[in-house]
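Undergrad: So you can see what is in the structure, the chains are spelled out below.
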Amino acid sequence: MGKYIRGDATMKFALILFGMRLLFWWTALRHPVFRARLKEKNLTAQFRTKDGKVGRWFKIKDGTVSSGAGLAATPDVTITFKTAEIAARLLMPPINQLEQINALKDFHLSMDGEDELTSWFTQTVLLTQTVGWQYGVDQGKGVTRYTQMTNGGPVFIYEKDGKIIRITPITFDATDAPSWSIKARGKTFTPPRKTSIAPHGQNWKSMVYSPDRLLYPMKRVDFDPNGERNPQNRGKSGYERISWDEALDIVSSEIKRQKTVHGPGAIALSHGSHHTWGNIGYYLSAAFRFINTVGMTRVLHNPDSWEGWYWGAVHHWGQSLRVGQCETYGGVEDCMQESEMVVFWSANPEATSGSYGALEGSVRRQWLDELGIEVVHIDPYFNESAQLLGGKWIAPKPTTDTAMALAIAYVWITEGLYDKDFVETKTLGFDVWRAYVMGEEDGQPKTPEWQVGETGVPAKTVRALARNWGTKKTYLGAGGWGNGHGGACRNQSGLQWARIMVCLIAMQGIGRPGVNMGNLQWGTPVDANFYFPGYAEGGMSGDLHHTAMSVELFQRMPQLPSLNTVDQAIPRLFLPEAIINGKAEGFAWDGKSIEAQFTKISYPKPGYSRVHMLYKYGGSMMGTMPDSNRHVEMYQSPELEFVVNQSIWHEGEAKFADVILPACTNFERTDISEWAALGGYAHHGQTQLNHRVVIFQHKVIEPMGESKSDYNIFTEITKRLGLSAYYTEGMSELDWVKREFDASDLPKIVKWKDFIRKGYLVVPPNPEELRDNVSWRWFYEGRKKDVPEPMPLPSDYSEEYLKGLQTQSGKIEFECQSLIRYAPDDPERPPIVKYKTHEEGPGNPEWTARFPLQMLTPHPRFSFHTQGDGKDSFLNSIEEHRVEIDGYRYWVIRLNAEDAAERGIKQHDLVKVHNDRGAVLCAAKITGRLPRGVIHGFESCATYVPMGEPGKSVDKGGMLNQLTPRKSQLKQGHSMSASCAQVEVSPWDGVVEIEREPVLAAAE
Amino acid sequence: MSKWHLIVDVANCTNCNVCVLACHDEHVDNDFPGYASAMPKHGHKWINILPKERGASPMMDIAFLPVMCQHCDNAPCMDAARDGAISKRADGIVIIDPVKAKGQKQIVDACPYGAVWWNEELEIPQAWIFDAHLLDDGWKEPRAATVCATGAIRAVKCDDATFAKTIEAEGLEELHPEYGTKPRVWYKNLYRYTKVFIGGSVEAEEGGNVDCVRGAHVALTKDGAKIAETFTDVYGDFKFDQLDPDSGEYTIDIAAEGHPAKSVSVTLGESVYAGEVRV
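First to last, the sequence lines map onto chains A and B. Take 8 as the starting number for the first sequence in our numbering and just add one per residue. Take 166 as the starting number for the second sequence in our numbering and just add one per residue.
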């Protein structure tokens, strides 16, 4: 009788398995999509206990499912549970993710079989749960409205018969959450009830359907992985179409070959700083897990947007977990209610929109005029923000801003126009810096008269500004975000400039009502306590080291941790040097403390192989990294045995690969995200917005051609390494999306089924009385920190937790103790901020004599870095972006009328912009927006079109970054200095060849 | 009868081009029978933005003028069209029939605003249709108004009598009233594009340094008559706007307390930054 008496768990497990059998039958009956899925593979899958006493097999053949209790003879896939009790617990709904992960780690649960089949089977089981979900809102006449997220704002997509009809921003309806209002000076201000959209966001239809889309895998015609590889021809040879199988086989074989022939470290993956939107598909999610699954040398990024703030400002006021930029809570309301003036210093939010902020800030900045708040714009270029807002425009020569700032400090000191009490009680070392400003150290008082020779700005103007600023409550909006970012922080004196911005605002008493950092870009009164993960929190990467996952997301969305056993890194700015010459050095980008940046990174790391395979992921660095002709030489180096490129469009670096894997856009895959939710080092980026909006990113159309989502491409590769279960945890992108929804605060206010149908959710703002406190007010008033940011880390407080700053003294330090500890005699970064001219400017007369024009290369206005430029998209017709001359659209270079006349250049002439690093063919625009000696061209061109030999000829595509300096701002750092470069502009003479110094070091 | 009007505020246009891109998004690869055939991907500017720089460093401004089909009540294109190829709806919107207008290139030349574009492939004239197809489908406004982040483009539906009050209250003008076409697009702060300014900066030497003179009284006179006056700001700057280009000689009289009076002559072609005026 014993064998017929089933224990309770045994019966449960058997019943669950029988239920699964019914589920398969029922789902196939109801859903054609599921029936089609079942036709994809023939296999037998077995569920069983370890002892075999409970089991059920499922045979899928030609689209039908048969099943029986017991054990099949030769199953293709076996899922084994240690005991029936464990199986019942794990499989009984609701499925507890943490239990599943723990069971896998403790080997209570195992799966056997070929990756191709196990992966397919587990995703098919999960598909039974999701196949019936309904998406989108019917608009009638066969049109469905879906939602997606771009880097330029959230969007509706109207689709019919598998085609995108139109893409629009989102106008809210009556059921969406209310908007916040700000009361200031007797008026009430409420933002419009809709989302805005940046030019590159509105451009997307033409990017999805671009003729440059990579539609199938390709291989370079003269690359044979088993014969001649011909690396010297990269960038020159053509491509032929190959199948996915062949492409994936080459890639996975190369991965194995690199590791067995060379050892750990031989493979490097280079990704961009951004991605098409979506938390699961983001590079910090899918690509990071892939890096860790395979084991790769990382290409370590420099803090590109923060540079001078990270390497410089952080030493004065901490804020390392914001990479040296400061907190900004409540800034919009405080500025509107209290301020009398906003100084935009190297700040152009009308063009750069913060980060991902669409055009949200424009309407807020328009309120400045209504409120009678004065505006000043300090920028060598009469920028878009100056154009819209009016006010006073002051144009110091590029890289000399620090001199002007010193003169302002001089006036404040001599006329007593600063917050003496604040400086006395809340700062350290002012007297040391004061002595320098007054000329007691070097015999040169930093007067307004002195700075004229450096900046070209009349002394009277600097004095008037200093007096005005020193007597009015003023917000300092330095950099695009207002608390930093971009612009001057990225030129050769970016370090000095960011540091002195801190010194100036400290002199005025930051945190006092109406006195703070900001230009109305950050600091809206959205609800910052509502949790939705930002992309920097790592999505499904499992990476606790290189993402912000450990802070919160890992607990909320448990997943298998992933760890890259290859500990080697190459500093990104010197990737070509590392590959070609076999060595490179840099410093860490690590926000955990002020001192973390003192850690040196050396390549190669002892014990590791040098890199011989490059996995280039995403947008081209040639348009965005300095001195980018070096990358051509890198690709053609024999050191690189294999190059694979995974991207969306055939442009830039894709044309240098051996194998090209076509990825699809976010419109062709499922994802989930929140607008402007960066997370990590940019915690609460959502305060750039008038409304917080979370989006279910519908897969609107099927991937074009044979393109696949990045997640699916990585899955395919890991299958061939036997690692797809580890990579995917058995789940599809949609399954991960549901997990992230469940992990956030969304389930508290919306049902999943409603969310995926409508596609967007506006997060309600706080009631007025619950708004965040104003940043820095706590510090100004000597209280504990009371704003919602979980930083600095507890051990970084010198005295009592939450009192004071992260610095050694807990105060804002004019004389930085961290620098005294590290390198007190470093002329590039002395303990107090000083003015010093540089090699890419007045400090190098020989270079500037040959190349007398200072070229500014800010971020583009119309594209999002390379995203949107080229690829025959709509925005290439915008004349401010590219000008058509004889049927070709050239990148725009702007120059002053006198500089142009001197060179015989007229409006829309073809001109060569050049120096010893390269030459670029551009269309000239004559404008009064620039003083003499300064020219302006956006960077981030997507197209590299060498007119002759790649790397050795004039580029027609417009990559101005071929001309910018690669040098780090400081030897004790790894920092771009590229936003200003010395060049000459000449009428086009038809000479295509250029000469430049090779990267390859002479043999010793 | 409730009709459509467009209000373009020149002072708020930043040349972001999102309205232009929205127009491309709507019409490229989309046919809307009876309203408009597909727009070519490149070459057409149904919404066109014209720049105007005024002045020079350190005092300048730039205006951007969005121009599109003005949906005129007295449309010359309608006169030039044959076979009723162009019609005016009761709500004021003008539509070029994409079928009837085939081959009628003369319609392009008939528009004094240059707002009609010739589609080579389809051989039809095309212009911005005020998103009539969407409005008829229940949309509240044309896409250009929705995407404009600064309120530079606004669409209003009301009867002409009500709108006449808006014209007065907001100081709206026609673009090129001399054409006499009675456009339904009205412009605010058009002076930023059509008029010029005279500006300058007053400074004085005091104690060895040159400083900005704040609060100096500045009067602008023409032919002996004072036409405007102002006070210099904290930077010593002053600016007189909304003057006619090519209007000849002006005199600027500066009276700064504690300094002798000073006069400067300026001749207006385009906008003039008269530079530093030392008193």
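Accuracy of the hints is not assured; some may be wrong.
[Claimed, not checked] Have a look at the derived ranges for each label pair, beta carbon to beta carbon:
1) D168(A) with P277(B): 34 to 44 Å
2) E335(B) with E891(A): 52 to 62 Å
3) G208(B) with K612(A): 51 to 61 Å
4) P801(A) with T331(B): 30 to 40 Å
5) E414(B) with E909(A): 29 to 39 Å
6) E909(A) with D418(B): 32 to 42 Å
7) S188(A) with E335(B): 42 to 52 Å
Calculated from the structure, these hints are not laboratory results. For clarity, every value in this text was computed on a predicted model and none was experimentally measured. For glycine and all other residues, C-beta sits at the position ideal for the given N, C-alpha and C.
Undergrad: If a hint holds in the structure, say so; if it does not, say that too.
TA: These are the hints, each one checked on the structure:
1. D168(A) with P277(B): 34 to 44 Å: Taking Cβ atoms as reference, D168(A) and P277(B) lie about 41 Å apart, which means the hint holds.
2. E335(B) with E891(A): 52 to 62 Å: Hint violated: Cβ distance 37 Å, outside 52 to 62 Å.
3. G208(B) with K612(A): 51 to 61 Å: Cβ of G208(B) to Cβ of K612(A): about 54 Å, so the range 51 to 61 Å holds.
4. P801(A) with T331(B): 30 to 40 Å: Once the Cβ atoms are compared, 60 Å apart, the range 30 to 40 Å for T331(B) and P801(A) is violated.
5. E414(B) with E909(A): 29 to 39 Å: Distance hint for E414(B), E909(A) holds at roughly 31 Å.
6. E909(A) with D418(B): 32 to 42 Å: Holds - the Cβ-Cβ distance for E909(A) and D418(B), about 37 Å, lies within 32 to 42 Å.
7. S188(A) with E335(B): 42 to 52 Å: violated, 24 Å
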